[in-house]
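> Sequence:
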Amino acid sequence: MPETILIVVIIIALLFEISNGWNDSANAIATVVSTRVLTPLQAVLLASGMNLIGAFVSTAVAKTIGKGIVNPTDITQSVVAAALVAGFFWNSAMTLLGLPVSASHALIGGVIGAAVAHLGGFNQLNLAGLTKIFTALLTSPVIGILFGYVFMKLIIRFFCNISPGSINKHFGRLQIVSAGFMALSHGMNDAQKVMGVITLALFSGGIITSIEVPFWVVLMCAMAMAFGTAAGGWRVIRTLGHQMLKLQPVHGFAAETAATAVIVGASALGMPVSTTHVITTSIMGVGATRRLSAVRWGVARKIVLAWIFTLPMTAGLAWLTYFLLALLGAE
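According to my numbering, the residues represented by the sequence shown are 665 to 995, in order.
Treat each hint with caution, since some may be false.
[As the list claims (entries may be wrong)] Per label pair, the in silico range of CB-to-CB distance:
1. F879 / A757: 28 to 36 angstroms
2. T703 / L802: 32 to 40 angstroms
3. T668 / I820: 52 to 60 angstroms
4. H834 / T737: 49 to 57 angstroms
5. L760 / N735: 33 to 41 angstroms
6. F786 / H834: 22 to 30 angstroms
7. T873 / R700: 45 to 53 angstroms
[What the hints assert, rightly or not] Within a straight-line C-alpha distance of at most 30 angstroms, the following computed DSS-like cross-link-like pairs (lysine-lysine) qualify:
8. K731 / K796
9. K817 / K833
10. K727 / K796
Simulated from the structure, these hints should not be mistaken for laboratory data.
C-beta atoms are modelled at their ideal positions from N, C-alpha and C, and glycine is treated no differently.
Take these sequences, add in the hints, and give me the full structure.
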């Protein structure tokens, strides 16, 4: 029975990773598709391949997720399963609505909600680890908008005497590179989170004796992320690439480069960030250099509301799911 539950948990984790890639495909390819630098198929293939590579670069973020929310010894398979089910349903629902959301918030909210249900309160949560996690999650969007604004301003300053047509021609080529690195950084950070949760489940089940990510877990998560990205969340891509701001190749390059710098820096420090939040705020920062009205703030407001509700909704869903699993005798 414990082995069966563990297998189910791993399957749910991979479904969550697929839903993550499905929603987050927009992070890497929304700008490059909306500017017509690449066709949708070319962009998806590029993002899928780079996501796959990025997932193998480091496991620092996975270890933070595995240890930073709650003591691994206090976790059961049902806690992990409830967290993943909540995150999977929230990611999928928001993707169908065309809203980019944070898989990081969804997963962390799910683990918190399920752990609180299991432990009977908040006392056993790792406050030091959660402080590090939430500091990264809350500051990275602010840094994203600042980096996007400053980087675009620098481009305008250095290329102010060149015609817009020439600028977009050259930056169209560069945008292929920036989109590739954006997808690479996405794999470095987002694929790591599910690796951490699966590792937590393996530790809880006694399969491994320390929070070290096995190679086969890295491989499965990388492939699931790449598959989800290949599926392409086209409604989310339209929201980011068309509805929020009308982008030219130079804007796409600036936003992707700024976002990549933030995400790679956070990944190197083992800090989980929302790649969705970072690329979205980077696009806002780039748009603000033209004029504040260039950004469609009504669309941006809907996105921000989805962000705000993600953590409490997934925590609540996971809390409820945990008790449903307990009633079914899965605990």
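> Against this structure, judge whether each hint is valid.
Comparing the hints with the structure gives:
Against the hinted window of 28 to 36 angstroms, the Cβ-Cβ separation of F879 and A757 comes to about 33 angstroms, which satisfies the hint. Between T703 and L802 the C-beta distance comes to about 36 angstroms, which sits within the given range of 32 to 40 angstroms. Taking the beta carbon of each, T668 and I820 are about 59 angstroms apart, inside 52 to 60 angstroms as hinted. The hint said 49 to 57 angstroms for the Cβ distance between H834 and T737, and at roughly 55 angstroms that hint holds.
Hint check: L760 to N735, Cβ distance near 36 angstroms, so the stated range 33 to 41 angstroms holds. At about 53 angstroms, the CB distance of F786 to H834 disagrees with the hint of 22 to 30 angstroms. T873 and R700 have their C-beta atoms about 52 angstroms apart, which keeps the hinted 45 to 53 angstroms range intact. For the given pair, K731 sits about 12 angstroms from K796 by alpha-carbon distance, which is consistent with the 30 angstroms threshold.
In summary, the hint linking K817 to K833 is supported, as the alpha carbons are separated by about 19 angstroms, within the 30 angstroms threshold. Proposed proximity of K727 and K796 is supported: the alpha carbons are some 13 angstroms apart, at most 30 angstroms.
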